[in-house]
Amino acid sequence: QVPDFELRLTYPVRWLRAMFNCGRGAPRAGRRSRAAVETLLKRQRDELPDILEELEQNNRKTGHWAWWVFPTDMPGASEPGSETFVTCDTAAQLFEADASAT
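The sequence shown runs contiguously to residue 107 in our numbering.
Treat the hints loosely; a few may be bogus.
[To be verified] Here are the computed distance ranges between Cβ atoms for each label pair:
hint	residue 1	residue 2	range
1	N64	R39	34 to 40 Å
2	F100	E52	14 to 20 Å
3	Q62	R36	38 to 44 Å
4	A97	N63	31 to 37 Å
5	R36	F75	23 to 29 Å
6	P80	L53	18 to 24 Å
7	G86	L57	16 to 22 Å
Please keep in mind that the hints were generated in silico from the structure rather than gathered at the bench. A virtual CB, placed ideally from N, CA and C, is assigned to each residue, including glycine.
Produce the entire structure from the sequences given, and follow the hints as far as they go.
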């Protein structure tokens, strides 16, 4: 089991706001974006142990998992299953201690 702190992104909140264009007039989170960040957190929790193992064994990225480790505000075009993305309003959930625990 990977410790919870390893599942959290370490980006400063100010940087996240700039990255996701969180200024005035930014779109607000809707049901779709809240579901997408919850799916992202579940994927991070489920996939990170295998991702870390892959990196340790191969010393490089060989799989298709970047959108779960480096989330953006755009859903992945080839992403399997439900879409994952982060918005200005949902980015803070990446830092909540129990956000991914269900």
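Numbers of the earlier hints that this structure fails to satisfy, in rising order: Structure breaks no hint.
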